[in-house]
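Protein chains in written order, with my numbering: chain A, 14 to 330; chain B, 14 to 330.
None of these hints come from the bench; they were simulated from the model.
Keep in mind that a hint or two might mislead.
Where chains are identical, the list cannot tell them apart; a pair therefore holds if satisfied intra-copy or between any two copies.
[What the hints assert, rightly or not] With a straight-line Cα cutoff of 27 Å, these simulated BS3-like cross-link-like pairs (lysine-lysine) come out:
no., residue 1, residue 2
1, Lys54, Lys285
2, Lys54, Lys103
3, Lys108, Lys54
4, Lys108, Lys285
Protein chains: 2
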Amino acid sequence: PDAAALAGAGARNGQLTKPPGALGRLEQVALWLAGWQGTDKPHAGRPQIVIFAGNHGVTAQGVSAFPPEVTVQMVANFAHGGAAINQLAKAFGAKLDVVPLELERPTADFTQGPAMTEAEVVAALRAGYGAVDPEADLFVAGEMGIGNTTVAAALAAALYGGTGWAGRGTGVDDAGLGRKEAAVAAGLARHAAVLGDPLEVLRCLGGRELAAMTGAILAARMHRVPVILDGFVVCAAAAVLERSVPGALDHCIAGHQSAEGAHPRLLERLGKEPLLSLGLRLGEGSGAALAIGVVQGAVACHSGMATFAEAGVAAGS
Amino acid sequence: PDAAALAGAGARNGQLTKPPGALGRLEQVALWLAGWQGTDKPHAGRPQIVIFAGNHGVTAQGVSAFPPEVTVQMVANFAHGGAAINQLAKAFGAKLDVVPLELERPTADFTQGPAMTEAEVVAALRAGYGAVDPEADLFVAGEMGIGNTTVAAALAAALYGGTGWAGRGTGVDDAGLGRKEAAVAAGLARHAAVLGDPLEVLRCLGGRELAAMTGAILAARMHRVPVILDGFVVCAAAAVLERSVPGALDHCIAGHQSAEGAHPRLLERLGKEPLLSLGLRLGEGSGAALAIGVVQGAVACHSGMATFAEAGVAAGS
């Protein structure tokens with residue numbers, strides 16, 4: 014972050030007509046934006062949301078309550094403006110882009126072999142990297158991909174160890190949850206040799222939309238565009254960066270704590286406190302999109318409020 | 014709430030292109046709005062925020078970090094558009110009204126006698142009742158009044174019993190907190206005879222802006238305008254209704270859990286789970302105003318999303 018911008022924004026924050034600290038987390042959000050945007054007048058009027066979609070060979074293991082055809086159907090729903098994320102993007106004035114990644118060609122089933130070749134994972138990373146608008150002042154990555162909470166659980170387990178990373182996803186029953194856990198365990202066993210290498214973990218256990226989000230979050234860092242992280246799948250893709258270079262996610266805040274069981278645990282590993290916790294478990298970047306409103310509120314206060322001197326208000330003792 | 018509207022909205026919610034329940038709390042918010050607005054297509058495009066301001070004789074007890082003059086100075090700041098609530102109102106498209114209540118004539122110090130006469134409390138209740146726009150589709154009451162967290166603590170203690178209701182307010186030190194606690198105890202001792210009567214509690218221990226908010230929240234109920242409750246002071250004013258008629262706040266949700274120490278405890282007494290918890294402790298309706306964005310997101314999803322049939326998306330198993 015830009016130290017001068019941060020200092021300027023901090024000085025302004027201390028003069029605004031409110032008791033010190035009385036806007037709570039909003040003050041921290043405004044300063045975080047100021048630092049990454051490199052201005053003491055942060056803004057959030059040009060947010061971009063990009064939904065990455067992919068299909069997953071691991072659905073052959075019976076890990077989702079929905080058939081894989083739903084991925085392409087939902088992409089059409091995004092195009093026609095009918096999904097939740099379309100409404101949230103409109104509500105908060107965000108540009109929404111949709112990037113389907115070879116939906117007709119699912120990744121390989123990671124319980125049987127590597128999910129992607131090197132060329133495939135690089136193509137997906139590049140697609141994500143190129144999808145970020147450098148002119149955006151806030152970025153949200155979202156995802157759609159039947160089976161991808163299993164993929165995210167495998168990534169989290171590979172990157173952080175431990176078990177119990179699989180969850181209910183779109184709503185599997187106990188038997189489905191058992192199949193998810195078994196698939197994750199099988200994937201980790203098969204790819205045991207690469208677990209120390211985050212990018213190889215992404216290639217062997219990941220999915221195209223997760224790799225694209227990894228690339229997009231990295232691109233946002235390069236362009237100094239602050240990022241609001243969404244739920245479990247997005248955070249798993251982001252974790253690949255954090256495990257590669259600690260601090261790689263300093264330009265990101267957590268927008269929403271999802272109802273997906275292991276998301277709080279993953280946020281804790283990332284050291285991120287979510288802005289919202291409203292029980293969403295939809296994906297599509299929906300929780301982060303909702304948090305855009307909070308960030309816009311923070312920016313509005315920081316940039317629009319009068320100072321004590323301007324307003325002729327007495328400061329506290 | 015309107016049972017037919019609620020049923021219609023519930024049926025629509027079940028057909029939207031998302032796994033059942035995947036929008037979490039947003040789904041409940043949309044249904045709550047539908048029931049109180051009496052329509053299966055809830056809306057939140059005409060929110061009204063009213064800030065009530067009052068002055069308090071109990072400031073003579075040294076209970077605030079700011080001098081009482083700040084109340085009228087902040088009212089001027091609201092009028093010139095310089096306060097936090099002005100920015101938040103603009104950010105979420107809310108109409109903002111400000112109702113100063115005889116600022117040149119503070120209430121009496123409740124440690125010495127009743128804060129208001131019967132005529133005074135009735136005038137304040139009426140001012141609040143009349144301030145609600147029946148055409149609004151969402152209502153937020155906010156407040157400004159140096160000393161009013163002490164007043165709110167006295168109300169909460171009188172209505173629910175127990176001690177420890179006083180908090181840091183705008184930022185008093187330990188000595189100031191001790192003076193707040195002493196003032197609350199003195200007020201309860203002086204008015205011990207009326208503690209069983211919520212309206213008498215409001216008259217003897219309350220303040221004009223709190224009584225106005227009590228009246229406004231009641232008016233919103235009569236007009237079927239759903240309410241987002243703000244912080245500790247607003248909830249204390251609302252509690253007068255809940256203690257008079259249980260269920261009187263069913264048209265209200267809690268927008269934000271404030272950093273004021275006893276607010277979580279008061280929300281628990283009211284049976285309200287806050288939408289947000291971002292550490293604000295400013296008053297002005299700011300936490301509830303921020304929650305308008307969440308409610309608008311909920312409404313946008315409920316009213317704008319395609320159904321599975323419309324979108325040609327397969328439903329889950």
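Go through the numbered hints given earlier and state which of them the structure violates, listing their numbers in rising order. Hints that this structure does not satisfy do not exist here, as all of them hold.
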